[in-house]
Amino acid sequence: MDGWLLLLVVAGAVVVAGFARRLDLQAPLVLVAVGSVASFVPGLPRPALDPELLLGVILPPLLYSAAIDFSFASFRRNLRAIVRLGVGLVVITTVAVGFFSSWLVPELTLGAALVLGAVVAPPDAVSAVAVGRRLGLPHRMMSILTGESLVNDAAALTLFTIAVASVTGNRIDLEPPVLFFAYEVAAGIGVGWIVGRVVRFVRRHLADSALETVLGIIVPFAAYLAAEQVHSSGVLAVVTAGFVLGSARSSDAIPTRIQERHVWRTLDLVLETFVFAYMGLQLKFVVDDLRGEGLPVHHVFLYGLLVLLLVMAVRPLALFVGTALRRVVGRIRSRPHSELSWTQTLVLSWAGMRGVVTLAAAAGVPFVTASGADFPGRGVISAIAFTVAVGTLLIQGITLPMVIRRLDIAEPAEIRYVEEQRALARRISRRAVVDCLDEARRSLKGTDAEGVVDRVRRVTLARLEADETEDEEQPADRFSATSAAFDRWRRTVLVRQREALLDARDRGELDDEVLRTVLDGLDIEQAATETRLQRFTTERG
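Numbered according to the working numbering, the sequence shown spans residues 344 to 884.
Simulated from the structure, these hints should not be mistaken for lab results. Among the hints, a few may not be true.
Said to hold, decoys possible - Label-pair distances were calculated between CB atoms; the ranges are:
1) 749 x 520: 40 to 48 angstroms
2) 541 x 713: 35 to 43 angstroms
3) 442 x 634: 23 to 31 angstroms
4) 419 x 673: 17 to 25 angstroms
5) 389 x 354: 13 to 21 angstroms
6) 785 x 545: 38 to 46 angstroms
For clarity, every value in this text was computed on a predicted model and none was experimentally measured. Built from N, CA and C at the ideal position, the CB exists for glycine as well.
Input sequences plus hints: build the corresponding full structure.
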């Protein structure tokens, strides 16, 4: 893909996404539609990227960004559901699509059909999570969807490697396949943990926000490439590194946290818009490939439509059957169950849009086998994969907001839990403020600074109570010595609040995601305080 064309696609995608958001439309759907139409522009060169580039450059930062913002505690609480969807459902989808496609499509052998199954198996939760966040999906459902997206790519790509090896006659690194899968998982997690710990140690000693942010950007690529070098799962390495560094993010310097937050949000926007535009731009060239191989285009897309319907049916069927079986087993064993409601399960089952991994895997199907023969049905696999990816995005993506709005998916226990956690965070903050300033008042009793401490106490407690009343006693000169003393004590109080909240998180009393929300507000306040102090110091020389 030429550099100028890549730049044009990125710039055009950002502009289209901007207009879509302004018109309150779903940007991924608009990007795919516009890209599909634009692919038929006469003279437009094919926007082809190497599949290794898609998997090694586009996917790692998207996964890493999701992992560092995702609570590992939430991941652990919902681990069973995440593994069922991220691994179990991927296997079920691969097998179902494989056997169905081998029966339906004459050009596909069973092995090639299983390759197709692995290609279309992993959902891409980017658009589903975005819609869910905007429409207020319960926290537990968001955790399951996000966790699924972090592990299902690894399962699907491992199955893809095994299926391709069975067709081409190449040997995989370990036999049998179960041992190969176990090695991919264990080694990938190990590499990610090592990379995360090393980077965490280095960042702790840098004391430079710009360098820390640059190092953070390098992490997903380093973890992915390091894992690939030892033939393990690069996806799991990236996710693990994200968890390791995300858990330590609360202890990073304030400027680093604020800077990284904006950097990753910007990178996510650019990469996601590019991916959806790239998907749409493939339409004309997929058709041209089929014609070049002498295949009937309408027949192949009919096959794709039937596979699309199967993919869309497998997810709800597996989820509802699995939920029913677990409830029956729970009753037999007289154990209480904590399954999602049927409305929540329906929403979860409808959030199965495919994305970048499906496209990259389809493009990564080899052209020839080890014996030199053509890979059976390669063009058909690409066309069906494109149909499934775009079809799920358009059909489920368009209807998912309506499904969420129509169904009662609220979870009263979760709402109460979040409210209780926020109240706990406020109590911890208040206690830390009072303790810190009481100590200061005792040590400064009878000095001029005692009045400053009293003012810090009033303002801080007022902010905790969301009181917008301004302190009328504050001097007009914000850079006076009294104001600087105020900011120093304010900074001390904010540090003490942060320490108390982190201690509560480490003891397991405070939810990690609630903590991050509270710390975001403290970051802004502390950054403003640090800026005023730095300006005061500079002006005083």
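Hint check results:
1. For residue 749 paired with residue 520, a C-beta distance near 42 angstroms keeps the hint of 40 to 48 angstroms intact.
2. Between residue 541 and residue 713 the Cβ separation comes to about 38 angstroms, which falls inside the hinted range of 35 to 43 angstroms.
3. In this structure, residue 442 and residue 634 meet the distance hint of 23 to 31 angstroms, their C-beta atoms being roughly 28 angstroms apart.
4. Residue 419 and residue 673 have their C-beta atoms about 21 angstroms apart, which keeps the hinted 17 to 25 angstroms range intact.
5. Take residue 389 and residue 354: their Cβ atoms lie about 19 angstroms apart, and the range 13 to 21 angstroms holds.
6. Between residue 785 and residue 545 the C-beta distance comes to about 40 angstroms, which sits within the given range of 38 to 46 angstroms.
The structure meets every hint from the earlier list without exception.
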